[in-house]
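Student: Residue numbers (the numbering used here), protein chains in the order written: chain D, 1 to 247; chain A, 1 to 138; chain L, 1 to 580.
Just so you know, the hints here were simulated from the structure itself, not pulled from any lab data. Careful: at least some of the hints might be erroneous.
[As the list claims (entries may be wrong)] Subject to a maximum C-alpha distance of 27 angstroms in a straight line, what follows is the list of computed DSSO-like cross-link-like pairs (lysine-lysine): (1) K112/D x K72/A; (2) K144/D x K321/L; (3) K180/L x K271/L; (4) K299/L x K457/L; (5) K271/L x K213/D.
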Amino acid sequence: MAETITLSVARYRPEEEAEPTVQTYEVPYRKDWVVLDALNYIKDQLDGSLSFRWSCRMGVCGSCGMTVNGEPKLTCAVFLSDYLPGPIRVEPLQYFPIVRDLVVDISDFLEKLQKVKPWIILKEEKPLSEGEYRQTPDQLDTYKQFSMCINCMLCYAACPIYGLEPGFVGPAAIALAQRYNLDSRDMGAQERLDILSQKGGIWDCTFVGECTKVCPENVDPAGAIQQYKLAGAAHWFKSLLLPWGAK
Amino acid sequence: MSSDVHYTLHHPKWYRRRVSVWWWLQKRSYAQFVLRELTSVFVAFFAVVSLWQLHALGEGPEAYAHFMARLKSPLFLALHGVTFLFVLFHSITWFNLAPTAIVVRLRGKRVPDFVIAGMNYLVWLVASAAVAWLLLRG
Amino acid sequence: MDVSSCDVLVVGGGAAGLRAAIAIAEANLNLRVAVISKVYPMRSHTVSAEGGAAAVIKPNDSLDEHAYDTISGGDWLCDQDAVEAFVNEAPVEMLRLEHWGCPWSRQPDGRVAVRSFGGMKVERTWFAADKTGFHMLHSLFQTTLKYEAIQRYDECFVTKLLVEKGRCQGVVAIEVATGKILAITAKAVILATGGCGKVFPFTTNGAIKTGDGMALAYRAGAPLKDMEFVQYHPTGLPLTGILITEATRSEGGWLLNKDGYRYLQDYDLGKPQPKPVLRSMELGPRDRLSQAFVKEQAKGRTLEGPYGHYVHLDIRHLGEKLIDKKLPFVRALCRKYVNLDPVKEMIPVRPVVHYMMGGIHTDIYGATPLPGLYAAGEAACVSINGANRLGSNSLTECLVFGARAGQAAAAFAAEQKETNPAISAQARDEQRRLEESFLRKTDGKERIAPLREEMHKNMEACAGIYRTGAELKRAAQVLRGLQDRFHDLQLDDRSYTFNTELTAALELSFMLDVAEGIVASAFARQESRGSHQRTDHPQRDDDKFLAHSLAYRSPEGPPRIEHLPVTITRWPPGQRVYGK
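Isolated chain D, as found in the complex (with noise of 0.2 angstroms):
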């Protein structure tokens, strides 16, 4: 087996460089080795100029994607094994616009998820001396799968309309409003649907479906958003049938 392994890895320099270019790497092969101790051996012992994000290295900070070999990925969550016999083409994720090396900017995100509400939305909140709001597991599963989101923005890097049209709110977004809607506690629906039947709203939403398949945590944003489209359906038709029931 081979004793190194190549990783082919997008380098972008703003204060030197007008375009991204790449570098390669020979780093140790190692079988239990993911791809970001790869990108650590660089960081370490090669260049220590490479930037990019990571932390909790399990699966659940959402700090570490990048694009491996055309794919959005989380580099914790990928061996090296994975991609034998190499070279590993590691690049930043797609969609974003790129701050340095494998960086990019989620801002756009941030204030997105908070333009959906992601939050419990009560008309009147129970005071806490009586407790907690009763919730069956039955319910909870409702929206348990929409609350798995971990924030890592591979879903955007999958979705081509994200990429064609950055006014789009996106995967994750919606599927974390749908987490409120469907959540036994909250009475936003109908704020969070004003607002994503705008322009940028579910409606742009195509149904390409790689959300779904890239999402590391089995969230289903595609689901979420299509669901949210019958449900907005639904609503209209019914605000049509019937225009002094609605609202």
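Guided by the hints, dock chains A and L onto chain D, whose structure is given.
Tutor: Then chains A and L, alone, in the frame of chain D:
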């Protein structure tokens, strides 16, 4: 630092890659998606032909016969063949996607995907059989 | 350089920091709150916590039981007034998070479900399957988005606290994306930067846990408390150190040595029963379980693999259904990182550095001795954790003391006049320091990785589960040497844009300071208590050491250690009894 690059200290100089018009050729699944979108043209075509047929029927037996004769031309036959394939692709891909969009809960538990997709196929089959019976009984 | 200001600045965007920010926004509508963090808040290490968060809510439980479990678990080094405040406020804080949407696991009737955890007499751990920290963090973060008063500085790395006229008045930070220096003035600052597991080579902690806040406070003159108490979690995966939650054992998992024997029965932790028994065997406290591993290894009864010695954690008898329902993350982690299915195979595990009981010295309101400076969460030491933290107390601690620190800081800030404008001179000095020591330096010979590696080796060898005075003395010398060599550091990266080599260098320097605090405090504590085991002083010594260690920075040389008596209210020191 080379002077030809416009970098201002402490200001971001993000690199934005333009999305190529050929983006849908990057991946098989993207191409499949574009193809699925394209099927709508053929679905629309089929609808137009049907409306046209209806119109011809309203014009009287002569016009209808003329219309039917035109449909038998090789051009229309070929076009219908292609349309049939696309509409088939359209139906199958959408039926397969249906469980993602339609979530049915029975007694708190989510009905499995294959049941939802299966129901779609079942309705399709029944409708096709009914049409076939209508057309072929005589 | 950019100068901006706010009323209360929270450093750190994990559970404690976000809870503090919300507390401030709710306490006083006129205050401008800001959260500054070197990562986006949802990346904070709270996200990795798995098992759960403790709070009394069930009728068979009581606040006194929670207090007693905590105090005896902490080997009587906890401040009992702090513990009482903690157990009192824990249920309300947890309910608040329930109202904010945290997807707690439920009983069939819709009430919140609880599970047992190590060192507990009654089940009281709330959980969201086995991703409790993740759900708490995201619920908190998403809730903060609702408050317009909360401003954020994402990916801004704090390098220094601004102290003027004996009061903390803000921070200097680098905006990582652009390299711009920010001077942010504030009437009060809360440090909620988490722990420093990365001082050790083998840890469950994420890359970001480098003791930043601890070192910032220490450099500003606030003492670090009880730093010698480092928690080893008994069950981490070899190589990666990925945490396998204690919930595996509370659900009924067994720890087996190479002969398939439940070896904990040999270490005064009770006798094996088919069903899990609270405060017994695998549900003993973490310090005792990790120590038992070392002893078992010495007897040659552990297994050996490519990444050192290990034992087996067996959850196969729990069955696939329960594992998928309550421990799905454990199953996913095992499949991914050790390539085995715990439904069918045993999980290799070994003790791994997990948590710092010690931290920035605060009172029960989160205030440090430096006016205007507050701390909460793992970065702080109140102390409710004493010499050994009970599993599932730390997430709750983040909420309770995050809220307390937030309220106290808000009250303090409301009384202060405008901050002193003269501190921008200090910020300029800091900018110069960063330029000269790192970005413009050309004559250095040292590199980050070897220094960090040496620190790791040293800490593991001398400040691990068992320690001796001689080893600690040697460790202190090595750390001094590393401090000197750090001044000779050379970076490859001269860029102002997202320079992670610069931040790694700053983190290393923080870690060296914190490591010195750990080693000096451990050397001074000539007794064995909880997680601090001195083979040259194997007994607990309440006459001399029923006291907290305080490590103060001295201008040159290692830290100065003082001791502060423990607050005892209702539970006089006793023996820790498990398995009876």
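Student: Look at each hint and say if it fits the structure.
Tutor: Tested hints:
no. : hint            : result
1   : K112/D x K72/A  : violated (55 angstroms)
2   : K144/D x K321/L : holds (18 angstroms)
3   : K180/L x K271/L : violated (60 angstroms)
4   : K299/L x K457/L : holds (24 angstroms)
5   : K271/L x K213/D : violated (48 angstroms)
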